[in-house]
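With chain D fixed as given, assemble chain V onto it according to the hints.
Chains as they are written, first to last, in this note's numbering: chain D, 1352 to 1553; chain V, 1352 to 1553.
No lab work stands behind these hints: they were computed from the structure.
Reference excerpt, derived from the structure (chain D facing chain V, CB under 8 Å, subset only):
no., residue
1, G1377
2, Q1497
3, V1500
4, L1501
5, G1511
6, G1546
Straight-line alpha carbon distances no greater than 25 Å define the calculated SDA-like cross-link-like pairs of lysine to any residue that follow:
no., chain 1, residue 1, chain 2, residue 2
7, V, K1404, V, I1364
8, D, K1363, D, D1451
9, V, K1404, D, G1380
10, V, K1404, D, L1383
11, D, K1404, V, Q1464
12, D, K1404, V, D1376
13, D, K1388, V, G1380
14, V, K1388, D, G1380
15, D, K1404, V, L1383
16, V, K1404, D, Q1464
17, D, K1404, V, F1521
18, V, K1404, V, G1377
19, V, K1404, D, R1375
20, D, K1388, V, E1379
21, V, K1363, V, S1450
22, V, K1388, V, D1376
23, D, K1404, D, Q1355
24, V, K1404, D, A1384
25, V, K1404, D, A1518
Glycine included, every Cβ here is placed at the ideal spot set by N, Cα and C.
2 protein chains.
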Amino acid sequence: MVKQERAARTRKILVDAAALEFDRDGYEGTSLARISKAAGISSGAVTFHFAHKGALAGAILGQGRAAAREVLEKVAGDGADPLGATVRLTLELARLLESDVVVRAAARLAREQSRTLPGWYCVWLPTVRQWLAEAGAAGLLRPGVQSDVLATTVGYLLTGLELRIRARAFGPEEGAADGPAVEQLERIWRLVLRGVATDPPA
Amino acid sequence: MVKQERAARTRKILVDAAALEFDRDGYEGTSLARISKAAGISSGAVTFHFAHKGALAGAILGQGRAAAREVLEKVAGDGADPLGATVRLTLELARLLESDVVVRAAARLAREQSRTLPGWYCVWLPTVRQWLAEAGAAGLLRPGVQSDVLATTVGYLLTGLELRIRARAFGPEEGAADGPAVEQLERIWRLVLRGVATDPPA
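Next up, chain D with everything else stripped away, as it sits in the complex:
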């Protein structure tokens, strides 16, 4: 039992250290040797837990997707209208991307490895597309606003925000002037909603 706990702890240390390396340098730019060094765990112990780099990437991707799914379920259960839920979901995801390096690494790895729709975004973006279609049908969007164009816009905004958060995490301090990503996204939503919502917040 103690042995199992120790193994779980070692795996967590490895996943966290690997996430930082993958997030900063991408899949191709990261080696098991560097992860081993960053985690302070011998390369023998690393390969005991994760036979190859792809196995570690897979663990990170799984954890990052699970975190997004959890946020999605929480927001979906909130009972907000579909436009409000969309805003709320993206803010929660921005918070996640900013605070959790595993989630951020998952978003990057999924993009680098799939080449189609990034596997992290496809956990939640189809639901946003559906919610916005419902918002349109419920008269929450102004006449003429195409819900699918708005959904695409949301996907692009989150992508831009993700890359900005990453650049800021590893770059010099200058970007800190933007403030937290969530507040930045709140300001962007206020700007977008006054154009698309029937009843925009003040």
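Only chain V this time, still in chain D's reference frame:
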């Protein structure tokens, strides 16, 4: 003279082949050996023209930045109002990202190598920030619209679009349903402008 022309042609073939590799797989995921194979040029000839991978990346970055600067100067000389010029510039840049793999590779390489503001975006995004501030001062933006928030939004939208264009260039056909990137961005602008512009287009 003929010899110089031949050298220039070889360099162009190499830059184009390398851009495709860098755009698809990033700096770390690309080797001189693969570029040599893709270009159909011996590795001896490759290193004669570009001593190392970084030299090729530098040439691509320079060419991609020059292309963005050219578009910027053309739009700046058009005499449009600052809000119209911003829209026009982003559409021209989207066209460039979609049609020119060297520009797209430059945007990716700059981001991977700098970790601060991506070096391709900083060719033109500061000008957008300035134009939008001027648009605000000229009363072209609705009261309450913060021009710097709009500028950040523009940067994020282009980033998302860039990544989408790249995924589509190398992924399966499915994404083609979105239509050309320029048309997609036009639809997004219509949606954004109705919220921010004093006098949005119909």
